[in-house]
Every structure is written in structure tokens, then in C-alpha cells.
Amino acid sequence: MNIGILLKEGPYNHQASDTAYKFAEAAIKKGHTIDAVFLYNDGVGNVTKLMDPPQDDRNIAARWDELSKKHGVEILACIAASKRRGINDDVLIEGGTITGLGTLTDIAIRNDRLLTFGD
Amino acid sequence: MGNTDIEENTDIKKIMHVMRHAPHGTIYSYEGLEMILIMAAYEQDLSVVFIGDGIYALKKNQDTHGIGIKGFSKTFMALDGYDVEKLYVDQFSLEERGLTQDDLVVPVEVLSSAELGGLMKEQDVIIHH
Amino acid sequence: MLHTINKSPFASDTLETCGRFLLPGDPVLFIEDGVYAVQAGNRFSSMIATIQKANPVYALAPDLDARGISAVDEGVTRVDYEGFVELVERHQVNSWL
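Residue numbers (the numbering used here), protein chains in the order written: chain A, 1 to 119; chain B, 120 to 248; chain C, 249 to 345.
Calculated directly from the structure, the hints in this document are not laboratory data.
A few of these clues could be false.
Partner residues aside, some chain C positions facing chain A, computed with beta carbon under 8 Å [claimed, not checked]:
| id | residue |
| --- | --- |
| 1 | E330 |
| 2 | E337 |
| 3 | Q340 |
Don't be surprised by glycine CBs; every beta carbon is placed ideally from N, CA and C.
Based on the sequences and whatever the hints tell you, model everything.
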């Protein structure tokens, strides 16, 4: 099954990022394809490589980066939402891409499921 | 030719946007509307449902001048021009807020929870804002 | 259709709102702070029992564990993330944020 994920909250402030990641991990383990994680609202804050949490905590951006590199999951930040919040290519993780809402529409159309995580 | 038509029809997805947040206090309603406007260009079967505080985005006479945030209630009026014609309001939410259709900036269809539940069941994708 | 609820019922009306739109047979999965709804013996136990007359109810076990909830309302099924994925395999999803 092909699954898209829409993530609408920033990292750390809300559990949404963590639940989305755990879900993606479990789905991939079961043989499903996570096509993309599309970041919207404050969710775009998930992909800044400037984040630097304490060493004993998870690095949420690095985790998405790894998911992208290991499993080909596209990590996409909405351009309009990113511009508002100061996220651009300079701060973006390697595995991330800034793109338009049209891409989310394509994700909604081409996948069997679109799951939303947020507040 | 006929086959092409069938092919195209199966590509059309039913996508429902559920507006649940009040405007201004958080950005969810405004960015939700931005998402709807973009998706409208993709010729899918779109609908927008207003439930709970989401209804307040449609309230007439909003003047955001004093709070320094751009108002957007009038943008809902433009949805018709984007061929987004399925606007539904949850009757229970409307009534518990002491509002009627006359309080809203656009014409909407007021439906019961059971009717909306039935519509939700038909959807391929549901996105809450 | 799978309905997910991620808010504590003590902080938000999401459970009550979602409850009005459930169709018989639709599974409900509590995740994140939503799992406080199914802690045995709380104010919402009767509502959970009513929902269970027509709808199967699940709660995400890692979220229950993280919150120290060991006793859940009778009939509520604990699932891990794999169980969450299995529910998604069988149903379209309505995430009540």
C-alpha cells in the first residue's frame, strides 16, 4: 500500500512529529511505501538542520533526513508555510525539499491513504 | 475514447477539508483555506465542511484591523469562482453557537451530523484544519 | 473509516464531536493525549461504553504506557504502531485533530 503523510505541527512542541515518524517506521517495516511526508503549518520547522537538541534527546530533523535517505521517503516542506516561518534552502536538511501545495494534491491523488498528524 | 474517460474518472478523488478552528486565534483556518484554493485547481471532487469553531471563519462583520492580522472571511466568497461549491455546515455546531445561516458570509448547506458522517464515509481523503 | 483522536477529553471536545459523526462499525483509535479517554473509571467511561455498542475502540499502547495508564475501559483493544498500520490497511482515515 502507498501512504502519504501530512504533518501539521512543529517538532518537540507537540507529539505529532514523533507519532508520524513511528507510524512511518512501522508501515515501512510491514512492507508499505511511505511516498512522502508533507510539512504544513508549523510542521515546516521539522526540516531545519539548525536544530540542536541535547545529546540524550532525539534529533527530529536528522531522523527525517535518515528516513529520506534510507527509504526514499520524500520530505517536503510547503513553500508558502516555509516562507512565513523563515525556512529556506539554506537551513534545509539534505533530504528535504521545499515545494508547493500542488505537490500535496498529487500526493493525495496518487496514494491509497493520506494520514494527517497535528495538534 | 470512452476508455480514456473512464480512466480519467477513476483518477478523481473525493477530498474533504474539515474546518474546525476559529480564525485569527490560530493560523489553521487561514492556511487551510490556502490549501483549498490550490487544490481547487486540480479538478478533484472537493468539499469543505465547517464543524465546531470552524464555523466562526464564516461569520459576517469580521473587522481584523485592530489586531493587525489580515482578514480572510471574504475569500470564502471566492470559492464558488474556483468551482468549490460543496460547502457544508454542521447544524449542531451552528445552533449551539446561537448562529443561523444569515450570520454567515456565504451560502452553505446545513446538514445533520448523521448526513455529514455519511459524506465522510464516501471520502478518499479527509484533512482537518 | 478509521477515526483517530489525539486530544485529552478533559481538555478538548474532540471526542464528543467525533462521536456525533461515527457510523456504526467505524473503528476509533485513541492516540497521544487522546488515550486519557479510555483510562478505566474516569468521567468518560460511560461514553466509551456507549461508543463500543456500535464501534470497536482501540488505544495506542505506547501512548498508554508513556502516560502510566495500565487499566483501560473494558473492551478497549491495545495496539502498537504495527496495529495502527493494520487499521490503516483496512480503512480510510479521518484524523480528528
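Practice prompt. Would you pick out the hints that fail for this structure and give their numbers low to high?
Written response: none
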